[in-house]
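Protein chains: 4
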Amino acid sequence: MALTGVLRPGHCQLRVLDLKEAEHFYTHVMGLKPMGHDPSGRAYFKCLDERDHASLVLRQADRAGVDFCGLKVLDTATLHRLESDVRAFGLPTERIPAGELLETGERVRFEAPTGHLIELYAHKTTVGDELGLRNPEAIVDGRKGISPVRLDHWQLHGRNVEGSRDLFCNVLGFRVVERALKEDGVSDMGVWMSCSNKAHDIAFVHDERDGSLHHASFLLPTWEQVLHAADVMTIHRTAIDIGPIRHGITRGTTIYAFDPSGNRFETFCGGYDHYPDMEPIVWDWEDLGRGIFYHTRQLNERFLTVVT
Amino acid sequence: MALTGVLRPGHCQLRVLDLKEAEHFYTHVMGLKPMGHDPSGRAYFKCLDERDHASLVLRQADRAGVDFCGLKVLDTATLHRLESDVRAFGLPTERIPAGELLETGERVRFEAPTGHLIELYAHKTTVGDELGLRNPEAIVDGRKGISPVRLDHWQLHGRNVEGSRDLFCNVLGFRVVERALKEDGVSDMGVWMSCSNKAHDIAFVHDERDGSLHHASFLLPTWEQVLHAADVMTIHRTAIDIGPIRHGITRGTTIYAFDPSGNRFETFCGGYDHYPDMEPIVWDWEDLGRGIFYHTRQLNERFLTVVT
Amino acid sequence: MALTGVLRPGHCQLRVLDLKEAEHFYTHVMGLKPMGHDPSGRAYFKCLDERDHASLVLRQADRAGVDFCGLKVLDTATLHRLESDVRAFGLPTERIPAGELLETGERVRFEAPTGHLIELYAHKTTVGDELGLRNPEAIVDGRKGISPVRLDHWQLHGRNVEGSRDLFCNVLGFRVVERALKEDGVSDMGVWMSCSNKAHDIAFVHDERDGSLHHASFLLPTWEQVLHAADVMTIHRTAIDIGPIRHGITRGTTIYAFDPSGNRFETFCGGYDHYPDMEPIVWDWEDLGRGIFYHTRQLNERFLTVVT
Amino acid sequence: MALTGVLRPGHCQLRVLDLKEAEHFYTHVMGLKPMGHDPSGRAYFKCLDERDHASLVLRQADRAGVDFCGLKVLDTATLHRLESDVRAFGLPTERIPAGELLETGERVRFEAPTGHLIELYAHKTTVGDELGLRNPEAIVDGRKGISPVRLDHWQLHGRNVEGSRDLFCNVLGFRVVERALKEDGVSDMGVWMSCSNKAHDIAFVHDERDGSLHHASFLLPTWEQVLHAADVMTIHRTAIDIGPIRHGITRGTTIYAFDPSGNRFETFCGGYDHYPDMEPIVWDWEDLGRGIFYHTRQLNERFLTVVT
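Chains as they are written, first to last, in the working numbering: chain A, 1 to 308; chain B, 1 to 308; chain C, 1 to 308; chain D, 1 to 308.
Only chain A is shown next, with the shape it has when bound in the complex (with noise of 0.2 angstroms):
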């Protein structure tokens, strides 16, 4: 099998300051499918072109971020063995009762060096995309909203990069795509990593805030759906804090913004397709500003104090 272990980033629960706001939000805005609530309160969302069940999760909370990032894998022999591995890396390892996320299988929980809670589930149920299986349309008409492709990735920030590096790299069979080296010219400032051909599934990047989560990204097809996406932000007011731009890390397009309860979104277009045969590219300090931001080649204020 050429695709196995960790298949993607499957689901993210965020933590917002008002549910209904947020759910007017990314339903209206964002432009995802709401997916009912459990009994808990939670509100659940898909990406319109996605076949699981839901990708997003919001609970209602005093604080804005991220409470776990929930990576889909192949099956449930390779949870299991994936269990293993985590708790041979010295990590400890839970495992929350399938249900307990609405349509979820078992789910194995860790905390990553960068002190987010990380997990693994096999299991979801396939509701299906809008257009079948069966001799289907090729576009869904009339969509509003900025409607994304699919949950892509998410950049996370903590202090130790290199522990949560070396987890997803040696455990969970990432590979390193693009590295930006702090001024020693030496050590990780920040990591892009991938499990399949998408130029990253998940991105760490040092901050003294560990847990804390930078942006959750969302796949948009074409830079002329990052440009609707801008005008749909400002239709709705929504907060942009920069873009459309490109980044040098990746090559993609993107905007970054941020919902009602200042938890950061991209919507993000492209990147070049990674092979594990490919070296990792290298960003070196003085050249960071161009890598995250290509066109203004500095980073802005925000990028570096700005998490939840």
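The set of hints was computed from the structure by calculation and includes no laboratory data. Idealized CB from N, CA, C, for every residue including glycine. Take these hints with a grain of salt, some might be off.
No more than 25 angstroms apart at the CA atoms, straight line, and that leaves these computed lysine to any residue pairs for SDA-like [as the list claims (entries may be wrong)]:
(1) D:K182 x D:R209
(2) C:K144 x A:V149
(3) B:K182 x A:L131
Okay, the calculated bits of chain D under chain C, using three or more residues with CB under 8 angstroms as the criterion [said to hold, decoys possible]:
(4) 35-49
(5) 100-114
(6) 128-136
(7) 289-299
Pair ranges (Cβ atoms, derived) [stated by the list, open to error]:
(8) A:A239 x D:D18: 37 to 43 angstroms
(9) D:R159 x B:I235: 49 to 55 angstroms
(10) D:G262 x A:H24: 41 to 47 angstroms
(11) D:T125 x B:I235: 25 to 31 angstroms
(12) B:K20 x A:N160: 58 to 64 angstroms
(13) B:P280 x A:R81: 22 to 28 angstroms
Given the coordinates of chain A, assemble chains B, C and D onto it according to the supplied hints.
Leaving out everything else, chains B, C and D in the frame of chain A:
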């Protein structure tokens, strides 16, 4: 390791009727980078965003078509494991010594049930793309010709589609992404298969002419570049088969056209991302026209008659 | 005043075989805004970015085609001056009283030498676009259907192309932007003319069938929207004649397709800007195929045979 | 004649601090075509899709900025009529003899109330675009640099905006397309005016520095080309002011950046079509940020402080 086994379509050798003319075409119209000749006179080319030495090899011959299609695998161990697996599947294999193709390691070759020579290899010299690995720019300005991103996939025709499907799925780790059914509603007229996150890495379609090539496909980054490709083809009076148009199968946008020897090639963009937990999409016979050519909704005569 | 005289194609009245079916098509597939019916039962539509009341009028009839094409002129003085000029050119004119078309002022009508009823008018009620005139947003989100920007131009067929050309150039202030020559290399097979900066506002092409309509054209903003239009047509199984493709003439991108009554329409994008100091571009007979369909480089059979 | 009087922004002369450096920039970064030098050493350039000899003239000077902006008019009779009209408006005019600018006829020059030298001319040698007038191709392949379609418009700053507005509207035949109001809600902070179907051919914005240049604008055909322009600017380390972004005013997409002498230029795409029967769009002071920069919804500091 999340991505393992067979990585991607890595190279193919096409037969051309006039090597000089073909070299001119692939250099100036297709916009590939010439990578030299070997002692036997074969001409090598790479796409500008590929890092390996070459993805296209041209050989002068009396008849157009494809000599062999090469799949790059993760490493030597994988190569030898897959060699055994192919033999266990019942196919004889042959080892082609390293260096027989320029800058390419040992290859393991076998004939697929549809009559095509397929080969696996683990090593090809990395020459890099035009951007480099340290603080790269995001684009190369002023590219001339169609200038595709990479070799993307092949569509191969022959009688025993099920046989090649089983070889690729059961032995080489591919997965069926989309299927087109024959009039009987049961057996496969064609299968589109992936060894990665791509919508397809290879396709087999039923045809009485074993070992024949329907097209080799080259990736373009945007629909605007598909238009540009069509414009470039017209400037050079390249024979266009069909397009710009969308496929229903994979949802990709495309042009089919012919090189000066009559080998069909595709300039392809898009296609959704595939994961191994996704059920195949199925096309019924009555909808196949729309599956292949989403806008005309019917096969043109050439689709099923012209192969090389 | 820099832009004066005839301003633009303002409205046209098409004959349809089944009004209900046509209304459904122009509302849900073309994505126009229904603007009501008049006492005689005619249905009115406008494009969403047009400010005047309506640009398309549908009339139930036994035979498809165009009843008349209306050009908006600057003001009443211009209307009356052009009325005299048309009479001086030798054509009888008729005044249609204000209100005969909903929200439309007095019209001056005459028959062009190619047998088409052309009318001029100076007033039509401004109803505005969806964005408004005070601190507007830049887009309307969630448009469904093809949703063109505006009515763009018509291509009309008849025998006396030179006559209509002279009427439009010498009397109505149009300029020839591009010409296609007959096999004799001298006389006009077709002329593309502009009264503005657009690459064309009207075209006349030689045809034995006087008074016939080749197509009414609707403007799209981008090549990606042309693709979307083709996708929408397929979803609704609209008969596509050709495209997405580029014209050599005007360089615009296009789809030709048919409404349910068989009236050909175009969804058009691009075309260079025209100025009155620019010499016409000339197409020789041998290159006309490429002039019309830049990528196929040949006329399809329907181009010269199917009109309404 | 439907389009008459002033046709378009035809040329402008910019002052640059280092002519060699500026020539390199406008040739290799902007991608204009060098059209030679005149005896006084000025350097001439044209956009590749323009047919007249040159649209940009560079003059070495101690201070950056614009020497004059030239408007092409329909013919000599128009030139002389407008000369009288400008005098009747109360402005002295000067005739610059034919040939003072290369390949350019007699010019009539006057100073607009905002302190800018404006000139009219009826003749400039047609040199043609790269495509030709007989059976042309649709594109030029392999263009390098930003490679704009044409000089599009200027934004000029000075105190007497109303005066320049009246000159352009009442004498030169322009129409106000959009207005931005001062805090008083009555008087014009800025006016965007058109002499054609374009969303603007010139803009005047209030500023204490009479005769100053905010930017000269160059047209790009697509939003993807706007991205390409930003990429090219980064490759060459051109100072970007803002963008890629959308304007609320005109809805166009844009980048503002600076040439090596500090002259701001714009690479602009889109903008709706204007007709003289359209009421101006009005922007209130509170919404001006969104009017100028639709996505950030606020003026950056440079917008109102940096001019040349």
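Now for the hints, and whether the structure bears them out:
Only pairs whose Cα atoms come within 25 angstroms are accepted, and K182 of chain D paired with R209 of chain D is accepted, the gap being roughly 17 angstroms. About 18 angstroms separates the Cα atoms of K144 of chain C and V149 of chain A, which keeps this hinted pair within 25 angstroms; it holds. Annotation: proposed proximity of K182 of chain B to L131 of chain A holds, straight-line Cα distance about 22 angstroms (limit 25 angstroms). Against chain C, the region 35-49 of chain D contributes 1 residues with a C-beta closer than 8 angstroms to a partner C-beta. That does not satisfy the three-residue criterion, and the hint is violated.
With 0 residues having a Cβ less than 8 angstroms from any Cβ of chain C, the region 100-114 of chain D misses the three-residue criterion, and the hint is violated. With 4 residues bearing a CB less than 8 angstroms from a CB of chain C, the region 128-136 of chain D meets the requirement of three and the coverage assertion stands. Figure legend: the region 289-299 of chain D, annotated as covered by chain C; annotation consistent (3 residues with Cβ-Cβ distances under 8 angstroms, at least 3 required). Checked against the given bound of 37 to 43 angstroms, the beta carbons of A239 of chain A and D18 of chain D, roughly 41 angstroms apart, stay inside it.
Taken as a hint, the range 49 to 55 angstroms holds for the pair R159 of chain D and I235 of chain B, whose Cβ atoms sit roughly 51 angstroms apart. Remark: the range hint 41 to 47 angstroms for G262 of chain D to H24 of chain A is upheld by a beta-carbon distance near 46 angstroms. Distance hint check: the CB atoms of T125 of chain D and I235 of chain B are about 27 angstroms apart, consistent with the given range 25 to 31 angstroms. Between K20 of chain B and N160 of chain A the beta carbon distance is about 59 angstroms. The supplied range of 58 to 64 angstroms therefore holds.
At roughly 26 angstroms, the beta-carbon separation of P280 of chain B and R81 of chain A lies within the given 22 to 28 angstroms, and the hint holds.
Of the hints listed earlier, those the structure fails to meet are numbers 4 and 5, in rising order.
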